[in-house]
Structure formats: structure tokens, C-alpha cells
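S.K.: So you can see what is in the structure, the chains are spelled out below.
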Amino acid sequence: MAKTPIKKTKSLRVKPLRFDTDWQYDPAPESASAARIDPQYELFIDGKWQKPQSGKYFDTINPANEQVLSRVAEADEKDVDKAVRAARNAYEKVWKKTTPAERGKYIFRIARILQEKARELAIIETLDGGKPIRESRDFDVPTAAQHFFYYAGWADKLPYAFPNKKVEPLGVAGQIIPWNFPLLMAAWKIAPALATGNTVVLKPAETTSLTALKLAEILQEADLPPGVVNIITGAGKTGAALVNHSDVNKIAFTGSTEVGKLIQRSIAGTNKRSTLELGGKAANIVFEDAPIDQAVEGVINGIFFNQGHVCCAGSRLYVQESIAKEFVRKLKDRIATLIVGDPMDKNTDIGAINSKSQLETILKYIQIGKKEGSDIYQPVCRLPKKGFWCPPTLFTDVAQSNRIVQEEIFGPVLAILTFRTDDEVIEKANNTPFGLSAGVWTDKGSRILNMTRRLRAGVIWANTFNKFDAASPFGGYKESGFGREGGLHGLLPYLNINA
Amino acid sequence: MARTPKAPILPDFRRTAAVDQTGVEERAARFTKRSIKQASKLEALNMVLNMIDLTTLEGKDTDQKVRQLCYKAMHLHDEWPGVPTVAAICVYPNFVRVAKKALAGSKINVASVATAFPSGQSTRAIKLADTRLAVNDGADEVDMVISRGKFHAGEYNFVFDEIASIKEACGKARLKVILETGELGSFDKVRRASEIAMHAGADFIKTSTGKIQPAATMPVTLVMLEAIRDFYYQTGKQVGMKPAGGISKSKLALHYLVMLRETLGQDWMSNEWFRFGASSLANDVLMQLRKEKFGHYQSAAYFSVD
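From first to last, the protein sequence lines are chains A and B. Using my numbering, count along the first sequence one by one with no gaps and you end on 499. Using my numbering, count along the second sequence one by one with no gaps and you end on 306.
Don't take each hint at face value.
As the list claims (entries may be wrong) - To spell it out: a stretch of chain A is covered by chain B in this simulated footprint if at least three of its residues, at any positions, have a beta carbon under 8 Å from a beta carbon of chain B; those stretches are: (1) 18–26; (2) 286–293; (3) 337–351.
Said to hold, decoys possible - Each computed SDA-like pair below joins lysine to any residue, with the alpha-carbon atoms no more than 25 Å apart: (4) Lys-41(B) <-> Thr-337(A); (5) Lys-37(B) <-> Ala-336(A); (6) Lys-33(B) <-> Asp-26(A); (7) Lys-33(B) <-> Arg-18(A); (8) Lys-346(A) <-> Ala-118(A); (9) Lys-33(B) <-> Arg-382(A); (10) Lys-444(A) <-> Ser-186(B); (11) Lys-444(A) <-> Asp-12(B); (12) Lys-332(A) <-> Pro-384(A).
It is worth saying that the hints were derived from the structure and are not from the lab. Think of the CB as a built atom: it goes at the ideal place given N, C-alpha and C, for glycine as much as any other residue.
Extracted from the complex, chain A is given alone in its bound form (with noise of 0.2 Å):
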């Protein structure tokens, strides 16, 4: 009897679904010329616009066009000292002597003119930073408000807040920010400072200047006190100035560990505080029994939310070994409807990567990435001509021993890891000297539970992903930093506290 052959069964072969629709969205552009932009900048100083000593503006462009937006001044050391001591004074002779209650109101009536001006500030940040208008109008503005209402509740009540303890501020904060969400991180440092009672000089990053510069307006507006809060602009080394300015009592930075490092080493041996916030590589673990179409949204604005420039972006995925097929062709069906382009069309979801260096950084790790034999997976996407762009990129097949699991990309970079057992993830996503954010999907309460008990990060999101809110504290673990900005931990880093 001739042997019947085994039939091999056929797996189903479905056509993939169709997302270059005959339907398509016409441009929407928010109007640009609803902000005000100046020609030319000076610095913030003793609450009066002033030429620097230096002499020299740099320009700051549109990351999506490369066009110059404005220059902005340079800040040298006589500068930095210039706003130190304007800082000082104002501390010793007016800030100092203020009562709480009228330290609130002024951090409230800031917190209104924000709002007021949201619109302006919205356009501005995407114009110079290249995020998407849809951001900048829904997170960066509203949550940079939320930061200085929350905060001003606090300043006339730090006595509820450390019951017995005698709390005072620590006189003059020197405050550098990033360029990944210059407004908010602008709010994220002076809100705190403010309500505990100590004056401020911030440096915005050299990349994105003006939102901060508009701050110093908002300021203005509301009387704050000349020199209370002084804005000062440059890059690198007017930071380092402003770090090693002796008359400086606290350090407050968020930026790459590279940086941090460099600060710590300064300070070593001063009696000045510090607070770091710094990088991440955090993963985003999902289980087999999470909500998978849930998860794959929390994965997608974990790594493209703000184009990947997000410190506690989710850019390592572990997915569970049983699903990971399914997971990664969600992915695939969701990044096809993702808008890349003009950051100030309300459709767009990833804008511009904010620098040329940072789209260089990017590129060099999507290079690593190939060389390391890992599987690459980019959507067709029509990418203007000028100005810097990336689009969202997906690695599979990918080891713990990839340098682009490793290191910190900080662009729409997901590496996609595969796990098969609780214990096994755990020791994998530890297996990072970063401890910033992680996040964890399932439906299983206690194993959310356990997770949250074993992961090394600061802030560890579960069935959700980067959630912010002006009342909970942010921060990391081993190189991503110390010290807590939010909350009521957010008041800590600036004050004295005795029995």
C-alpha cells in the first residue's frame, strides 16, 4: 500500500491590513504667527533683559526646517556671576523676607499666565524643539502649568509637610535643564525652589532657549522680584561656570549621565547639594496575559512619545516568548499609522529629532544596530528634505550582549528582547546601570506587584507608560540620578531640615 505523505499543515497566509488608505489627511498647520518671536534675545538678569559681557549670540534654529529662529545671548563666566550675585541679593534682601502666602501667590499667578499663554508657548516649544504641536499643546504646556499650581499650594504650608522639623532654603540654586522638554523642565526646577523659598539661576539648553525666554517674560509679568529667578543662555560651558560659581549652595540638573558625572566631580569637596536626573534605558516588560493591544499602545508612546528624546522612555521591550510574534506584527500595524513630518501639523505624532549631533547619535546606534546583526524595521515614510529626522525604528532579534540594549539612544529607537520567565526578565531588565523608569504589563494584580518589589527604578508604571503628574515624585536609581523632583519629595532637595 502505497504510503499516504504527510500533509504538512499550511499556516493561514492573511494579507497584512492596508494602511496607505485611498482617505488621507490634509495638512492642518497651527498657525505660527500666533507667537512672538524676537529677532534677538539678552539675558535674564536681575529682572531686566541685559546684554551679555560676552559679546557673542549663537543662533537657535527649527530643527525641522533649519531655519534660524532668533540668537540668543551667550552667557561667560562673568555673566553666570552677574546672575549669582543678582540671585544672592535678591535672596538676602527681598526673597528670604517674603512670607509664604505671597511666595504662593506669585508661583500661582505664574502658573495663570502659563495658561493664558499656552497657545504662544505650545508653538514656540514645537518651533524650536521639533516636537509635534499635538505635545507641546497637550503635555509639555498644560503639565508645565500643573508643576507651578501644585507647587505654590506648598509654599505656605512646608510645616505640614515636615510636622516638628524646622525647614529653611538654601539660598541660590543654579538650575540646568535639557533640551528634551525645555519648559517643563524649566517648571520641574523653578516651582520647587521658589515655594521652598530659594532664588534661582537656570540655563536652558543651548538647542532650545526660548520657551525659557518667554518664561523670563511670563515672570516679568507677574512682578516677581528682580533677581529671583534669573535666566541665563549658552551651552556647555556656561553650565560648567554656573556649577562651579562658589556662592552657588545647591545644583540642580537633569541631563546625560556623562554630564552628571562631570557635575558630581566639580562638587566633590564643596558643601553644595545636588539632585541628578539622569539616563535610562528602561524596559518595558509584557507578559502573556497582559492586555496585548493596550500594551502595544503603552510600548509605542514609551519609545516614540517626544520622538524617543524621553529619559524614561520604554526602549528596551521585553514580550514573553509565547506572544512575541503576535506582538511584534501589532507593532508593526500601529507604526504604519504614525504621522512623521512638519511638527506644528496637529496630525503629526513624531516631529523632528531636535539637533543634528542628536540625529547623529541616533543614526550611529541604527548603524550599530544593522553591524550587530540585529533584524531592523522601519515604516515607508515620506521624510521632509531639510531639517533632522529618524523614523521610528524597531530591532528584533536582539541579545542582553547588543550595545543598543545597552547604551541610551535617546531617539525612536525600540529594541525588542524576548523573556520566558518571571525571574528571567527581572534579571534582565536590572541588567542596566541606568534605574530610572521600567514598566510592566499583565492582567495578574500580584504579579504587578511582585515586579514593582524587584525592579531597580525610580518611577515603575504598570498596564501604562510615561504618566506624569505634578504630585508624584520622579527620579532614579544606581547612574540615573538621586535626589526627587515632584511631589512632596520634590520640596526635600531644597531645603535645610532641623530637629
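Given the coordinates of chain A, work out where chain B should sit on it, guided by the hints.
M.R.: Chain B alone, transformed into the frame defined by chain A:
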């Protein structure tokens, strides 16, 4: 050697995919951020009109009322040439014959609710008879309701078999299965009911009867669209979607189209696979079309109210 027919592989309906409510609501809200302007809006508005199941499901319905509705379905706004017709009209089974006659010569389908609509509280025999009445009178589509009581009691096989038997009774008519999501209580259960309906042979799944609040919402529709997507990848079969009840404004309808486009894509973007169950949406869309054409709104008095 005789071959035994392959039994269809069915999932265990007690273990359908988990759905996180917060995540669904956030995703649904995100669709509403898309800004639909200019030609894109015009195209979408016409698409919406063409996807409407113009509905009357009232105790006071009469032959006259149904005929008037049919005329409206064919002549939405004769003043402007080129306005599409709606996809179907939706009536009780006893009006199918009237509607069929009134719509003769048009491409508009007649959909009939059936199976002891809206509660579904009756015997299988009556539900089958109800369905056959509609189909024999010429219904092109049947909108059945599931037995929510049995579903809540965990009798998924009962619900499955009922849908399968109604599907059989439909013959060539396409079957829309109404889950009545407003009575299901959670997105997990919406997902489960969707899977049961699709595996049992639904051509469409539909949110609501319109008699229970909440009726269609964007989040619940999203859960069902995602179930359709997964079912498609598992089986290769396309299933349609019909949100019904509570969609009366063009802007909301456009949000639904955005959701459809970004969840299922091109192959679902027609009235073959997507419908709006609505009675007053058409006039709002006409009003918006008028505004796009002439730059200003016109009074509601210029749009007929059949």
C-alpha cells in the same frame, strides 16, 4: 479512506483576551485629536452618508412612516447632485415588505432587526421564525440581538449556537449581531461577546439596539474593531462593524472614521464593512457638507426631517 471533516478549531471563550479600560479610553481619545480639514473632510462626510443605516425602530412605526424614511434614504438632498445615498434602512420585520417595495430600483438595502429585538427574551423557535419572516419578505440584512442573560450566566455555547442557527436561517442575508454592549458591563465581556459572535458566523458585529444607554461609544467600538482585527489575522475572514445609537453629529462620525482607518485600514473603509446605525446623523452631515460648499451654515429648516 474516508476523511473526517476537520472540526473547526474554536477558542475557549472563557479565556478571551484581556482588555484594559483605561488604555482603551486613552487610545479612543487619541483618535479625536486628528484634525480633518478641507478635501479630506469633504471626502469623509460623503463616506459617512454612504455608511448610514437609516433607522426607525419605534412602537409607533407605520407603513407610511417607513415609506417616508425610504424616500429620504434615496433622496437625501436632491438640491445637490452627487450626494450619495445611505447604505440601508433598518426596520422591524413586519415592515420589510413595505420597505423593499419602496426602495425597489435603488441600491439601498433593507435591514431588519429580528430575534425578539430589543431584549432577545424569547425562545429559539420564535427567534428563528422572526428571522425567517424578515428574510422571506426580502430583507438583505438581519440585525439580531444576543441573549445577554445567557451570556452573563456563562452559557457561551448557548449564545454561540443561537447565533449560528440564526445565521443559517439568514440564508443569503448578511447577519449583524448586536451585542448590546450597554448591558455587558465591561470591555472584557465586550471582547468575549465579539469573539463568540464572529466565530459563530456574524458578518457584522454591532454595538447596540439604541434602546439601552450607553449605546455606541468610541472606546467600546475600538474594543470590537480590535477583536475584528485579531479575528481577521486568525482566520483570514473579514467581519464588519456597526456602531449604533448616540452618533448624531458629523464630527463624532469623523472621529469614528479615523478610528476605523487606523485600526483596520483600507479594506474596511466602505459600507460593505462599516455602518453607522443612526437616525439623525444624516442631516448633520448634510449641514456640514453645505458649510464646506458655501462657507457658512444653513438653518436646520432647510433639511428634511423624515
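S.K.: Does each hint fit the structure? Answer for all of them.
M.R.: Checked hints:
no., hint, result
1, 18–26, "holds (count 9)"
2, 286–293, "holds (count 5)"
3, 337–351, "holds (count 3)"
4, Lys-41(B) <-> Thr-337(A), "holds (18 Å)"
5, Lys-37(B) <-> Ala-336(A), "holds (21 Å)"
6, Lys-33(B) <-> Asp-26(A), "holds (14 Å)"
7, Lys-33(B) <-> Arg-18(A), "holds (22 Å)"
8, Lys-346(A) <-> Ala-118(A), "holds (15 Å)"
9, Lys-33(B) <-> Arg-382(A), "holds (22 Å)"
10, Lys-444(A) <-> Ser-186(B), "holds (17 Å)"
11, Lys-444(A) <-> Asp-12(B), "holds (19 Å)"
12, Lys-332(A) <-> Pro-384(A), "holds (22 Å)"
Violated hints: none; the structure is consistent with every hint.
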